[in-house]
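Trainee: We have chain A; now place chains B, C, D, E and F onto it with these hints.
Chains as they are written, first to last, in this note's numbering: chain A, 1 to 291; chain B, 1 to 291; chain C, 1 to 291; chain D, 1 to 291; chain E, 1 to 291; chain F, 1 to 291.
Among the clues, some could well be false.
Note that the list lumps identical chains together, so a pair holds whenever it fits in one copy or between two copies.
Lysine-lysine pairs mimicking DSSO-like chemistry, simulated, CA-CA at most 27 Å apart [what the hints assert, rightly or not]: (1) 108 with 64; (2) 82 with 272; (3) 106 with 257; (4) 154 with 250.
Think of the hints as simulated: they come from the structure by calculation, not from any bench.
Listed below, chain by chain, are the residues.
There are 6 protein chains.
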Amino acid sequence: MSALLLPIVAHAQLFSLTKDQMVAWTADNPFERFDDGRPKVPDGLIERARGLSSEEIFAILPGKGFRNQYEDGFQVLHPDKKLVGRAFTLQFMPMRPDLDGVINAKAKAAGLDRMYNQVAIDMLRPGDVLVVDLFGKTDGGTIVGDNLFYYVMKATKGAGLVVDGSIRDLDGISQMNMPAYFRHAHPSAISNVMITGINVPVRIGNATVMPGDLVVGDSEGVYFIPPALVQQVVDNSDVIHIHDEWTRMKFDEGKYKSSEIYGSPKDPALKKEYEDYLKKRLDEIRKKYSK
Amino acid sequence: MSALLLPIVAHAQLFSLTKDQMVAWTADNPFERFDDGRPKVPDGLIERARGLSSEEIFAILPGKGFRNQYEDGFQVLHPDKKLVGRAFTLQFMPMRPDLDGVINAKAKAAGLDRMYNQVAIDMLRPGDVLVVDLFGKTDGGTIVGDNLFYYVMKATKGAGLVVDGSIRDLDGISQMNMPAYFRHAHPSAISNVMITGINVPVRIGNATVMPGDLVVGDSEGVYFIPPALVQQVVDNSDVIHIHDEWTRMKFDEGKYKSSEIYGSPKDPALKKEYEDYLKKRLDEIRKKYSK
Amino acid sequence: MSALLLPIVAHAQLFSLTKDQMVAWTADNPFERFDDGRPKVPDGLIERARGLSSEEIFAILPGKGFRNQYEDGFQVLHPDKKLVGRAFTLQFMPMRPDLDGVINAKAKAAGLDRMYNQVAIDMLRPGDVLVVDLFGKTDGGTIVGDNLFYYVMKATKGAGLVVDGSIRDLDGISQMNMPAYFRHAHPSAISNVMITGINVPVRIGNATVMPGDLVVGDSEGVYFIPPALVQQVVDNSDVIHIHDEWTRMKFDEGKYKSSEIYGSPKDPALKKEYEDYLKKRLDEIRKKYSK
Amino acid sequence: MSALLLPIVAHAQLFSLTKDQMVAWTADNPFERFDDGRPKVPDGLIERARGLSSEEIFAILPGKGFRNQYEDGFQVLHPDKKLVGRAFTLQFMPMRPDLDGVINAKAKAAGLDRMYNQVAIDMLRPGDVLVVDLFGKTDGGTIVGDNLFYYVMKATKGAGLVVDGSIRDLDGISQMNMPAYFRHAHPSAISNVMITGINVPVRIGNATVMPGDLVVGDSEGVYFIPPALVQQVVDNSDVIHIHDEWTRMKFDEGKYKSSEIYGSPKDPALKKEYEDYLKKRLDEIRKKYSK
Amino acid sequence: MSALLLPIVAHAQLFSLTKDQMVAWTADNPFERFDDGRPKVPDGLIERARGLSSEEIFAILPGKGFRNQYEDGFQVLHPDKKLVGRAFTLQFMPMRPDLDGVINAKAKAAGLDRMYNQVAIDMLRPGDVLVVDLFGKTDGGTIVGDNLFYYVMKATKGAGLVVDGSIRDLDGISQMNMPAYFRHAHPSAISNVMITGINVPVRIGNATVMPGDLVVGDSEGVYFIPPALVQQVVDNSDVIHIHDEWTRMKFDEGKYKSSEIYGSPKDPALKKEYEDYLKKRLDEIRKKYSK
Amino acid sequence: MSALLLPIVAHAQLFSLTKDQMVAWTADNPFERFDDGRPKVPDGLIERARGLSSEEIFAILPGKGFRNQYEDGFQVLHPDKKLVGRAFTLQFMPMRPDLDGVINAKAKAAGLDRMYNQVAIDMLRPGDVLVVDLFGKTDGGTIVGDNLFYYVMKATKGAGLVVDGSIRDLDGISQMNMPAYFRHAHPSAISNVMITGINVPVRIGNATVMPGDLVVGDSEGVYFIPPALVQQVVDNSDVIHIHDEWTRMKFDEGKYKSSEIYGSPKDPALKKEYEDYLKKRLDEIRKKYSK
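Here chain A stands alone, though its shape is the one from the complex:
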């Protein structure tokens, strides 16, 4: 059987993908890519995604079979500041010296001192959200303190950080204007771990994250949207926003029970009224985008 498997055993769980591998593993991506093959959701869609809520993403993803793209249970640094950006993923595992020795030898051969968190941080680009699997670790699981958080903010233009692990120096970080999602804050420095993957698939709680996913965080939690579904999600959210507008206008009139208006109007005349409203507002919105 292992012979049969040979064509597919081209790689393993350490460090990153070649460009070809990245392209193969993200074949559904409809957008351009970065030099390393990572999907590049366009800036225009990222801007539109700032208006998304978790509910609006939920309206599309599970129906398409993507039931494991949401994670919550984080401490949210700035709950009133939406997190939006492209996933740059980083995977840690508990340190074992034999494996760490091999990793660092390879790093040295590549011209690096050693493999550690700043190697990955130095690779961040504007619009990237750093997504880190530190397996929920508290003591020693602190991906950044205030200085590196500051650097990440500068390098990503404030896009953000999601860590299934910890940050240190919460007081200092709270002063900075970048969204961040983390499990704990702890005074310790990062320790007793090793990097085993940069821009590989990572697991953040119950979500599987691919490099290049669109990351959207609100005060509830974080969604990781495959690039192939981004357009549909943001288009559909326009409809939801208009539906919300119309529903509340009707509720404000005070003449209807909730079930007469919501989820959809029962009365045919009301239904027609809603559909006309929807069409008109969608036209307005799309005109705005096309400018």
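Mentor: Just chains B, C, D, E and F now, with coordinates in the frame of chain A:
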């Protein structure tokens, strides 16, 4: 920087390692290897390892910098039956259809129907312990029911199973004579997950496991011992066993306080007595091995 | 024995009480009632109850044998906005199709499409607090999103929501000015549950709630006060407020140890001073009420 | 709206159902009923159900839309003794004196001293499993100690007990030969609770239980099977048992990979072999039943 | 105020009490004392206490105001072997080098090498149960491994161990015939803690334990009984045992509902029958004791 | 052995230390002391400590062997208000009437009514932080409500409160301007506990606290610094602050990767630049202190 990294980005977190990669990532292995490069701790050492307790492994590993090789919190199927064998690792992640599609396309190209748990189970050999990262999943995280458990028992000659996840049909499995460590039992079949690695490094709770590690489980928990340290661990355990024998003989005499005898005898004459006893018994034991 | 029980087996745990039943099960209610028999704590007492803290309610209820009327562990939407209103209760249970079929057949016979959360929401009145037993459910346990939250706010005149379960669209809901207590926020819609009671006794954590109870929530948790004790609670809270005023005035003088003043003044002259102060201030307050 | 609801508001969550109500709420029941209307799964099916595992029940129920009939996380008194019987349900809520006063007044009117756990226990019949919602309560949540456990064992002919709450005197109870599932053991007597329902629908964790459900417990957890599905579950389990037999016979031959045999044989000849075996064995088993 | 306190500030939370202090702090003790002042519950009562269950102790203690003498949540080594003996208490706190330095300097002045767990273990006497506050610590919170467990068993004549912390080498300890209650098993040696009290009051979870308390453990948990209440508890347990005997004899007759017999017989004739039976059996039992 | 121990058994875990004992147990203190022997970290250092973060304390303490001086998991009343002051410690244990009787007899002999929380609160001085071991208790574990919180604020000049337990009247307390760290808020009054130590060593979670420790709390958690290390911590924090300044200045230049600048500059010229900057800024800061 990504250019500099190129020499080390030969692989990624999906499926298994080539033989060369396996050899490179387990370079410290002092023993023979299987055809796929996985270290093969000799059968003789495996037999001697049946006498190990977690404490005896702890006596060596942290001192060598291996502080993340132990995990507990499992339900233990047969607490009075020691688990010993070579790690065969398996990694799952939460299902996402885009990635799963690529994986199955590659599996099909390799002559398989699709990639699922039985593909890995069919690769097991005598003496293998199946070590599975199902990230603690309960519902749908059931690596085997009683039928596949039976097959694993046959294929591994009863070596065993460790799953950071679940099994199903506990009543049926309890009738079978193979050690197993699992988080939960649940009636559901495995679902909503995909295989992302066979014989790659995996994380089981706070332990990092490499394919070929010697897996030793007792009623407390499970240790994953790097092959390079197996000889030292089992040799040292002989000394510990003899020390236990002697300590209790002395305690049985009823003449000493515990602190006069243990950790080591305070009185020089007693110390000499112990050292003579240790030498004599070690000789006896080692003679036994050499037969 | 079942024959003996017949006189008392007039009803069961599904849907709501008849008016007669409601009156019988809330026989201690000293106030008027709604058309359906639900006790109606007067608006004036509701206004006075806005000044209550959990401690002031605790000062009365356990002493009267009501030790299970408080629940905490909620996420509190607006911790600085007191929740006060009359309990409108709603009970869900995990969906089972056979029972749900019977429930919906009865709903249809009553002229409804089916039995679901909006049926109850459409029954809310000004001053009602919607109290929902969703047994702590997260995924699928979301009683309202932002649209229905908006409707509840309009219908109850902003009285509030307590759910042993979840809400969805936290970002949207946070913009709205109604107190809410919930266990989690989740992007999913309500699912896999069925309504089994409207305005029946419900359990919220360790509290038993009757329709018509006065619900009072502060930043600690939520109290459910039987109508028969409301007057005593608010009257006693006046005394506590005055005691607080006087105690802090004395502490501000800086001449006394805490134990000389609090719980009650040790010195007879001080005791007299306090009692005079209490009488004077009570008179003032009560004059204010009588206007 | 409340007018529309009137036809369906015939009952509420206190005490038990009339016979007519019981029949209406369990309309799908295909079997005879007890005098009080509770479905009576036949003794023959109960006997056959002793061979069921949770997995075999799972094979049918979720596919029929019954996804909330299983609960685990219990301490299991005799894990090697299957629990099988008809659900007799009992619901408690946290004590509140006003409601308890009404309940006891009604009990007194029915010729009882007061309403307490023994009133229900005295109603148990052979084959009943006492299923109790004590909302996970530990201190004061002890449905029985060793004396009443002994009585329940006598009255139900050893059928069993499931309590989402506690028992007391675990040492004494362990000596008795009746299956029991409970959350905790605690030395306290039952207190600070009141009975609010006998043979009404109850929630046990995430499962909804109806009086008359077939209760089946193994070492994993407890399933509550609606009477209408019992026949199908036990019939299908015969097929599963035969499939298990055949699968292991094939595995014992040592010629096949697991995927060639299980879930179903890939090779057409093997498939035919299995189908013949299934038919022959099913005939044998059914002959046995018909005797 | 500190001047006023001077007469009572004679001691503090480090090391042990003088004999006078021990006598003062356990003034209610009705029995003899050890040389160090620790109460010595007589051997005869210890023997009778072997028949106690937690429920029988609960029948007396809370009614006397002792509501914090029970703790559970332990792993129980031999659940079928009752734990009974006199509390020898030991308190640890997290290590801090400044305090540890002072402690060890004092230990050295007293002729000891240093202060560590074996200093206390060497002081154990037959019938002592070692009760250890290690604040629930797992890693490094292991009071004994198999060698010291063996010594404790010898020194106490198998009385037992209760540790709010861990043990190591569970496999080895399981072979030994002494009851033990612990939170976890872990392979680590004790570390990162310091001894701060020997035979001082300690807290084990929610229980306050005094040196000399009678410790009774069953499969549910552990009770710490003040010496002054031991006689009453064991005397009352005789009554409970007889009541159990009689109750089950009556249940065996199959003529009564549970409520007619238990808690106490309703029928005056039955009540008389019970009282006669109680008197007769009590006489028999007490005759046995007096021999 | 107990004879040998006599010189060190001068005290025990109840009430407080004599001045001599306090001096002995805090022998490393380099500063003046209060009348009762408690170390008095100077006001000037307390002021400088207001600038400390947990990370800056972590930079010194573990390296000196103090690994158990930090605790988190608190609710923080005013996360943006640093907590700084001298530890005044208070220890409670679960109530047992025999011990409580002795304690209150001694209290009465000392001229007090009885021993309770206000006895300790009345002893607080300006700059004290009240540090309370209430073993995480919620119901009945409320060290203060709003009135006593107000008194503590007045008496300590707003220094603060840390309680491994609860407070009551969170709404009232939130209005007051003193930092507080607590586990829960609950409406109950303190009950079912007894004071067993004032200004003795206490355990707060995993930290050991001595009276006179410098307590520093930020939004992450609380550090308890031994007086002997305070000077070094605050001096070193000056260096860290300057390092932060310089690092961010460099990051702002946008010319460097994070690894070129941080943890320390790689380039010798940059290193020199940093060292010059550090020297200059340290001089400025120290000049400021010396004024």
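Trainee: Take the hints in turn and mark each one as holding or not.
Mentor: Against the structure, the hints:
Taking the closest pair of Cα atoms, residue 108 and residue 64 come within 27 Å of each other only across two copies (23 Å); inside a single copy the shortest separation is 43 Å, beyond that limit. Within a single copy, residue 82 and residue 272 get their C-alpha atoms no closer than 34 Å, and across copies no closer than 41 Å, so neither meets the 27 Å cut-off. In this assembly of identical chains, residue 106 and residue 257 lie within 27 Å of each other by CA distance solely across copies; the values are 21 Å between and 67 Å within a copy. In this assembly of identical chains, the alpha carbons of residue 154 and residue 250 lie at most 27 Å apart only when taken from different copies (11 Å versus 45 Å within one copy).
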